[in-house]
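Protein chains: 2
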Amino acid sequence: MNRSYLEAFLPPTRLLLGPGPSPVAPEVLAAMAAPTVGHLDPSFIGLMSEIKTMLQLAFGTKNDVTFAVAGPGSLGMDACVLNLIEPGDKILIARNGVFGTRMCEVATRGGAEVIPLDFTWGTPVDPHAIESALQQHKGIKFVGFVHAETSTGVQSDAAAIAAIARKYGALTIMDAVTSLAGIPIELDEWGIDAVYSGSQKCLSCPPGLSPVSFGPRAVEHVKNRKSKVLSWFLDITQVMAYWGGDKARAYHHTAPVNSLYALHESLRRVHIEGLEASFARHRAAHLQLAEGLAAMGLELLVDEPYRLPQLNAIKIPASINDAQVRASLLNDFNIEIGAGLGPLAGKIWRVGLMGEGARAEHVSRLLQSLNTVINMQMNEALPLAS
Amino acid sequence: MNRSYLEAFLPPTRLLLGPGPSPVAPEVLAAMAAPTVGHLDPSFIGLMSEIKTMLQLAFGTKNDVTFAVAGPGSLGMDACVLNLIEPGDKILIARNGVFGTRMCEVATRGGAEVIPLDFTWGTPVDPHAIESALQQHKGIKFVGFVHAETSTGVQSDAAAIAAIARKYGALTIMDAVTSLAGIPIELDEWGIDAVYSGSQKCLSCPPGLSPVSFGPRAVEHVKNRKSKVLSWFLDITQVMAYWGGDKARAYHHTAPVNSLYALHESLRRVHIEGLEASFARHRAAHLQLAEGLAAMGLELLVDEPYRLPQLNAIKIPASINDAQVRASLLNDFNIEIGAGLGPLAGKIWRVGLMGEGARAEHVSRLLQSLNTVINMQMNEALPLAS
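Chains as they are written, first to last, in the numbering used here: chain G, -12 to 373; chain Y, -12 to 373.
Worth flagging that the hints you see were computed from the coordinates, not collected in a lab.
A hint or two may mislead.
Remember, identical chains collapse to one label, so a pair may be satisfied in a single copy or spanning two.
Stated by the list, open to error - Straight-line C-alpha distance at most 35 Å; calculated DSBU-like pairs for lysine-lysine:
no., residue 1, residue 2
1, Lys128, Lys302
2, Lys215, Lys154
3, Lys49, Lys302
4, Lys125, Lys302
5, Lys213, Lys302
6, Lys302, Lys210
7, Lys334, Lys49
8, Lys210, Lys154
9, Lys210, Lys128
10, Lys213, Lys125
11, Lys128, Lys154
12, Lys128, Lys215
13, Lys302, Lys154
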């Protein structure tokens, strides 16, 4: 690039329709650039309380232990898994994409005995299979699963999975990275015990924060651990002395002040619009996309009942050069879409319509650009006219 | 406060002269608010390379494994300790303040056998005591210490400690949270094996990122581990597939894009000024403060040779109400200074002159305000005139 590092960095303006980060509203960027205050400043303590309230509403919970982990969604996964498991604990984890697979890795490193339960990528977690596994393996303490699989665009039935886990006395850990504010989440109604999400999906906040929530059963479990949580940084009994509701906040770590300004503003925008309106907007954008793709002869990977409105996996026709299409969208049209991962690499594109991305004008721009790029590629591939 | 969470948050404008965060330049805040791009965008990959180069220069190292952990300095501590230690490993950790104490806790949770070595808070780590401990306890694999103790304002002799550790075949882990860009760091010359810092101290970037660097011996050690690193998120063998120098970057986690814009801009400002000039500016601000305090009859906690210019621990006279002075500085003068921690609570104030804070006008404003506040308090305390 022949740049010197002493030059200022001016990023291009992309339309972010990949699997995240999603487009960030100018108001959120402006909030992020407000003057930094101290992490123990009384004004900042007030901001943290408001973030907690707005996260509780978005998660559908009254859980007191609801806050933003000071790192991306992957660290939120670490936070949920490592607070709950102890060495030797049995955890059943549904694997129907990248993130269930990752959860197995995280739990294994934490010393748990992981029982993976596989489903074809692009299909949901089958609650009946969860029940069979819970019957087959005695003493399973935790069930982990992904609500909205970002790698495939599949939604699983969180309420059904949580109900079964509870029936067998297991606590549930749910990945809600891509679901929060895009589709309904009702932690309390469903009985989910621990959940993590990410700032950069349907909240349309820059990446770097992971909203989490721990229910009363999970908190009780953590308090009764035999061993300490492996990570001091993630130990919720420590973090909550800082995020807790009382006035005498104890210093734990230095909170990412400006990132939390941005999260506050993005949550504020979600609640001003209203969660139901946000869900409807995501749904409308998805239907517009699905219709436009069908008109172009393109198909979605996931069966209709399990499709996530906010993450659309599009089957790449065999005649099309995957990488060339994505590169052209990025370089010629300033639109980012995502590639397939794992067994779906080269087989799907992932189009995220998350948060600010879930708007008719963005869907139209993508459909038009994609149509142009595909037509260009197919014309180039034609034999030369004689 | 009677605020609704639906109101926009407008923080007060504080002069941040506590132990961090430090004042952030408007240019850095503006960079943070640039449009978000994807974490695999070619332009962003370029930015990451430049950050790596600028961090290498600031750390005085050619270490290839130099990057910013996507979380605050405390997570950087986790990253260094948890990548290196394995269950049962012996680690000697010098404790002369909060952060050496914390490192003991982190290493203990990670399964290490921790040998703490205590020094009075406010005094430096004595390299001779390190050597005695290494002779006494056989098989110590790691030596951990804090270069610049933020809780006391003490600088320890990193070069001497690292040389001794190397003599006994131990790897060194150094906390450089408050030292980076405030006082010289020469990782390669000193032979430090792993180091972590923070964005919100002398780099004057908002909090939330932890620059780290691992030397060749540390990397070799990690590659030859018998067990996997406990945290998937922090495992440098995984992270480096994303931060590495080759073009085919693998997705690991979603980088905190806008926070890294800010880190790039703050590093750029450091290198445009020049490290030596930055050190000199910190030193000049410290001398100005020390002189002004002396004129007011106030004393510094730390003996002169071990004083950190960027973190000044001021003894609170017995007649003065600690909390009232700090509250008045904050509420009446919009200046944040820090309280004492642990055994020094109520006994010292901590004045940070870090990064943008290390400027004559800020020191003058603090001295004048502190003088006013103290005089007000002493006059109030006088018996009523008859």
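Quick rundown of the hints versus the structure:
no.	hint	verdict
1	Lys128 - Lys302	neither (38 Å within a copy, 52 Å between copies)
2	Lys215 - Lys154	both (28 Å within a copy, 34 Å between copies)
3	Lys49 - Lys302	neither (40 Å within a copy, 45 Å between copies)
4	Lys125 - Lys302	neither (40 Å within a copy, 61 Å between copies)
5	Lys213 - Lys302	neither (48 Å within a copy, 42 Å between copies)
6	Lys302 - Lys210	neither (47 Å within a copy, 39 Å between copies)
7	Lys334 - Lys49	neither (41 Å within a copy, 40 Å between copies)
8	Lys210 - Lys154	within (22 Å within a copy, 43 Å between copies)
9	Lys210 - Lys128	both (16 Å within a copy, 33 Å between copies)
10	Lys213 - Lys125	both (21 Å within a copy, 30 Å between copies)
11	Lys128 - Lys154	within (12 Å within a copy, 48 Å between copies)
12	Lys128 - Lys215	both (18 Å within a copy, 23 Å between copies)
13	Lys302 - Lys154	neither (38 Å within a copy, 60 Å between copies)
Violation of the numbered hints given earlier is confined to hints 1, 3, 4, 5, 6, 7, 13; the remaining hints are satisfied by the structure.
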